[in-house]
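Residue numbers (our numbering), protein chains in the order written: chain A, 1 to 248; chain B, 1001 to 1290.
If you're looking for bench data, these hints aren't it; they were derived computationally from the structure.
The structure presented is a predicted model; accordingly, all values stated were derived computationally and were not measured.
Certain hints may be false.
Calculated lysine to any residue pairs in the SDA-like style (CA-CA distance at most 20 Å, straight line) [stated by the list, open to error]:
1) LYS77(A) / ALA1162(B)
2) LYS77(A) / ALA1186(B)
3) LYS118(A) / ARG1160(B)
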Amino acid sequence: MTNSHLLELHNVDSGYGRTQVLRDVSLHVDAGELVALIGSNGAGKSTLLKTIVGLLRASSGELNLDGNSITHMTPEKLVRRGVALVPEGRLLFGPMTVRENLELGAYSAGARRGTAVKDGLRRVFELFPVLSERASQHAETLSGGEQQMLAVARALMSSPTLLLLDEPSLGLAPRVIAEIFSALEVLRREGMTILLVEQDARLALKHADRGYVMRTGEIVLEGAASDLLTDESVRTIYLGLLKGEGSA
Amino acid sequence: MAELLQFVIAGLKSGSIYALVALGFTIVYAATGAINFAQGEFYMLGGMLGVWFVSLGLPVPVAALCAVVSAAAAGALFELAAVRPIAGGDPLRIIIVTIGGSVVLRQLALHLFGPDELTLASFTPGPSIRLFGAAIERQTLWIWALTLVAVVGLVILYRRTAFGKAMRATSLRRDAARLVGIDARAMVTASFALAAGLGALAGLAVTPLTQTAFDVGAGIGVKGFSAAILGGLGNPIAAVGGGLVLGLLESLAAGYLDPIYKDAISLIVLLAVLFLRPQGLLGGSGKEKV
Ligand SMILES: Nc1ncnc2c1ncn2[C@@H]1O[C@H](COP(=O)(O)OP(=O)(O)O)[C@@H](O)[C@H]1O
Ligand SMILES: [Mg+2]
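With the rest of the complex left out, here is chain A (with noise of 0.2 Å):
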């Protein structure tokens, strides 16, 4: 038993309502780490991620967070704990500014609102210059990449120890993909730890340290990025997902 992971999941079921969605999945996350969560479409990533963050409570199982029980802990309450969820499909304020959206990311600094404001106001425009050009913009206006960005950017506003991000690369180009990679990149070697959910399995395990494979509510498989990336079965997986598009 060991006390130095950051996020620790034993065995936790979850799902919807008297829908069963994840099985007895146990996972880990180190300080520093960049883990990857891969799987195919449906297999529960999204479902694991609200569990994580709250807006699903787990049916059983335990959550801990730097070894204190997070289990029962709403979103709101988690968020000033330091983790911070970039959420499937951005769930952007979209008739407000881009300036309001990140100003609603620091909403939980309470009475320190306005030194957090100010430093990841220029944290993050420093990470995304595109950003700034678009401050007074209205966030529906902005393309899909630089929405997905602002998404970044909102969780970032809060400080976290612990970013979640669930699939940021969907339906981006790829020149707009590399550009959130390599700010996540930038992240790490600040020393964030990040636990990233991806379809694309490549593109994760090219970035992380280490992986898990999902399928149908359970992690049917760990280990090292390199590895991971190496292995017949997820090869498998990865091809199958290429083929799946017309199959599935």
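Given the coordinates of chain A, work out where chain B with the ligands should sit on it, guided by the hints.
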């Protein structure tokens, strides 16, 4: 000409009242997706509490403030004690709880304040003001001024304050709002309080002109709801427009056609909008709810 002006003044007077009540409907709708059918009861409470605080010997401005603040607190309590535990977040259940709540609030008012019509003195006594042959009661000026202050205050709240932006964010994207640390349920409580406060302000400001009683809530509820629907239910500014238009239509119909049409107008408007244009007449895209 003087006659038309008089009708317009009367229309804008009741229209402002409808606007405040309609604002309450849109605020709760934005937060919950539900219609708060108890909204009219907070209008009633505003007048009743105002009368009660004055009877305790408080000066009118202090009594008015106490009435609005207590009604807002009652709105928050209503959400915490009834809406949240019984309905959870389900809009249909919220509607049912607010219908039940309106009956309870009315009976409570009957027991606390009695069955009689009650009234307040005008906020500032004095003769009406003459304008191009028409007369404006001083209390009407108070109604306009208070409505203006409330609307400007609301715009500042939503556009300039972190709390107001958090309310908007919650209504736009509840999950995303929670992820940045906003307590979404507290925002629902706040919206009930705000709606109740605005309703109470309307009921209080109008009492010197119309008197009040425990059972005035249902009637004003229909008017305010029609105004909110006319504005598309989605947009507070459009709801204010809806209130003013409804007030003018009523006043002109009563003046030029027959007074019996006055109360029918809101129902006609309601049905017309629901049949012809379910998204409202004045509402724009209806994308953002607050
Ligand atoms: N809101 C929901 N209600 C019920 N079932 C859902 C909901 N969202 C996802 N699911 C189901 O949960 C399973 C896993 O979905 P999800 O976690 O979104 O997968 P992934 O993110 O890996 O593509 C799927 O079978 C999906 O149909
Ligand atoms: Mg997903």
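Evaluation of the provided hints:
Of the pairs offered as hints, the one joining LYS77(A) and ALA1162(B) holds, with about 18 Å between alpha carbons and a cut-off of 20 Å not exceeded. A distance of roughly 14 Å separates the Cα atoms of LYS77(A) and ALA1186(B); the hinted pair therefore holds under the 20 Å criterion. Taking the CA atoms of LYS118(A) and ARG1160(B), the gap is near 17 Å; set against the 20 Å cutoff, the hint holds.
Violated hints are absent here; each numbered hint is respected by the structure.
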